[in-house]
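Based on the sequences and whatever the hints tell you, model everything.
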Amino acid sequence: MRRWGMVAAWLLAGPVGMALAAERPPPGASSCAGCHAEGAAMGAIDGRPETEIVEALAAYRSGERPASVMSRIAKGFSDEESRAIAAYLSRRGQP
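Numbered per mature numbering (1 follows the signal peptide of the UniProt record, and there is no 0), the sequence shown spans residues -21 to -1, 1 to 74.
These are computed hints drawn from the structure, not numbers from a lab.
Watch out, some of these pointers could steer you wrong.
As the list claims (entries may be wrong) - Derived DEER-like restraints, expressed as beta-carbon distance ranges:
hint	residue 1	residue 2	range
1	Ala16	Gly55	18 to 24 Å
2	Ala20	Ser50	14 to 20 Å
3	Pro45	Gly22	14 to 20 Å
For glycine and all other residues, C-beta sits at the position ideal for the given N, C-alpha and C.
Here's what the structure looks like:
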């Protein structure tokens, strides 16, 4: 039994573990799923170009692109957080 624990620890510390960690959503990304998941009323954003998502969040944050809910949500993210969320969502739509 102990041997399997060592194997699991090795896998989590190696490439498999790094891949799992890379797929964890960054803080804030889960707030997107309610409105933008596959089949959701506002349309899915998974797989959209990263720059498009970053630019949209910046436009909502600045008020250039007015919206009742998105403006408030986007103001809660820094530029760095917006980039991390955009990168994650963009990768999610990749095969």
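Verification of the hints:
1. Ala16 x Gly55: 18 to 24 Å: 19 Å, holds
2. Ala20 x Ser50: 14 to 20 Å: About 18 Å separates the Cβ atoms of Ala20 and Ser50, which means 14 to 20 Å holds.
3. Pro45 x Gly22: 14 to 20 Å: Check passed, 18 Å falls within 14 to 20 Å.
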